[in-house]
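Trainee: Spelled out, the chains give:
Protein chains: 2
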Amino acid sequence: MRIRLDIAYDGTHFRGWARQPGLRTVQETLEAALGRVLGGEPRLVVAGRTDAGVHATGQVAHVDLDDAQRERVRAGRARGGQGEDAVSALATRLTGVVGAYSDVVVTRTLEAPAGFDARFSAVWRRYAYRIADAVAGYDPLERHRTTTVRARLDAEVMDAAARSLIGLHDFAAYCKPREEATTIRTLLEFDWHRDEQGVLVANVKADAFCHSMVRALVGACVAVGEGRLGRDDIVEIRDSRERVPEVKVLAARGLTLTEVGYPADDLLEQRAEQTRARRALP
Amino acid sequence: MRIRLDIAYDGTHFRGWARQPGLRTVQETLEAALGRVLGGEPRLVVAGRTDAGVHATGQVAHVDLDDAQRERVRAGRARGGQGEDAVSALATRLTGVVGAYSDVVVTRTLEAPAGFDARFSAVWRRYAYRIADAVAGYDPLERHRTTTVRARLDAEVMDAAARSLIGLHDFAAYCKPREEATTIRTLLEFDWHRDEQGVLVANVKADAFCHSMVRALVGACVAVGEGRLGRDDIVEIRDSRERVPEVKVLAARGLTLTEVGYPADDLLEQRAEQTRARRALP
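From first to last, the protein sequence lines stand for chains A and B. Here our numbering is used: the first residue of the first sequence is 1, the next is one more, and so on. Here our numbering is used: the first residue of the second sequence is 1, the next is one more, and so on.
Okay, chain A solo, but in the shape it has when bound:
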């Protein structure tokens, strides 16, 4: 039995998603909570391994249960709310374990459809990046998830620049290199708007992201918005496949994983096989 978990967290006080000895991470916190509810040593597989300080409102993970754990899920039904099935009630029970006003929450649990793999079945990830510039002003109540830039940024120019990067390309110029890992990605959406408070919000969607890619892409747009780079420069930088000092990797604080996309249920297994095969290539 495989359970899908939808997860939200404030990344400020986590050292990222992935387990690291002696450090507080989202994975470690949730696996400990699952262990308390279900016993054993549950292991989570996640769609997006976020870095230290990065937030999530729409993270997705899965966990496989053995027979004993499955029995403990069923036994929890009685404790769930009215009309809740045993698997849905698991989210409520996990909330009880992590406590009120926790910085991480499981917003939903459901039995995963056949072939579902939180990581390998995913067809796209969506992030938001928030910047308060001199136009927006500084709001202390949003400081944990908004990066401050002193300049007055040109949102229209940034939006046009962002859209010019869309498509299937080698994004090596906007990635921290990792050995044997491809930097070819399909950037599906990339645009900027100001929200009601004037905060600049980037919407960034791709099939997958290489390391620090979103934070470098938004850094390139800020350079354009400040007039330090021209709109065409950031396409040329991309096509040079070389990292340049003008493109700063912006702080984790402004970044939130908002959504993970999966195909229709009957395509889940096929998608997972394709992804695994592609990642296995040298």
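Keep in mind that the hints were calculated from the coordinates and are not lab data. Check the hints yourself; a few may be wrong.
As the list claims (entries may be wrong) - Example chain B residues on the side facing chain A (calculated, C-beta under 8 Å, incomplete):
#1 Ala8
#2 Gln27
#3 His55
#4 Gly99
#5 Ala100
#6 Ser102
#7 Val104
#8 Tyr138
#9 Arg145
Glycine included, C-beta positions come from ideal geometry on N, C-alpha and C.
Please build the complex by placing chain B on the supplied structure of chain A, with the hints as guidance.
Mentor: Leaving out everything else, chain B in the frame of chain A:
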């Protein structure tokens, strides 16, 4: 010379506005910052003395400057941004002192018009109160400014109940009593809506508020939204002028002072005199 300061803060790590020996408060933090920039011992007069844990996006205060401090404001002009006058530049200099990503910020400074008194000239205060119930779900990124209620609340019934309390009344049933202080207030606006995320947001506006009044008023509405009290009950409770255990004073965490209203400049002094006279009555 009197300066008006517009102020925003995340109240989570403050023990409220007002100075208290040995405790971190907003007043103490800002007066220390003003002292570093201007010298002397500047003292702030504030529109709304918020309790521990209460936030503000639209707090207003004033400070009176002596000749030496006035000279230091003028001397700061050179350090201000392009086109900034010396008084406006003071806000920028204070931001430099409190530091990047501080939980308090002076969003604006300007020379106060004649007769302006941040406290006594104010004609109304507006607060917002945010509640995440079972419909909204829990968002860790908003936890510092949102109160969680487990039940599923009826927003329409709460809105109707809130509106039924509007008007000039004795709100003793919804105030923590203080000796010699009147509890007669004019509640100008009180309504509820769900925002885009489903969070219940109360808008509460009055000429002034007695102690813990907003948190008791929203507590009464939650009792109605849960079905523990009827809509008419909360008017009856108000008119009884007696506090009742069914009305819980909700947590400070959900409360934000969003706006303070002042009359047109030529009425500022008259309003301040009226308010002082009224408050001085036994």
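Trainee: Decide, hint by hint, whether the structure agrees.
Mentor: Evaluation of the provided hints:
1. Ala8: Since the shortest Cβ distance to chain A is 5 Å, the answer is holds.
2. Gln27: Because about 16 Å separates Gln27 of chain B from the closest Cβ in chain A, which is outside the 8 Å limit, the hint is violated.
3. His55: holds, 6 Å
4. Gly99: Violated, about 11 Å.
5. Ala100: holds, 6 Å
6. Ser102: Nearest chain A Cβ about 7 Å off; hint holds.
7. Val104: holds, 6 Å
8. Tyr138: holds, 5 Å
9. Arg145: Where the cut-off is 8 Å and the nearest Cβ of chain A is about 6 Å from Arg145 of chain B, the hint holds.
This entry does not satisfy hints 2, 4, going by the numbered hints stated previously.
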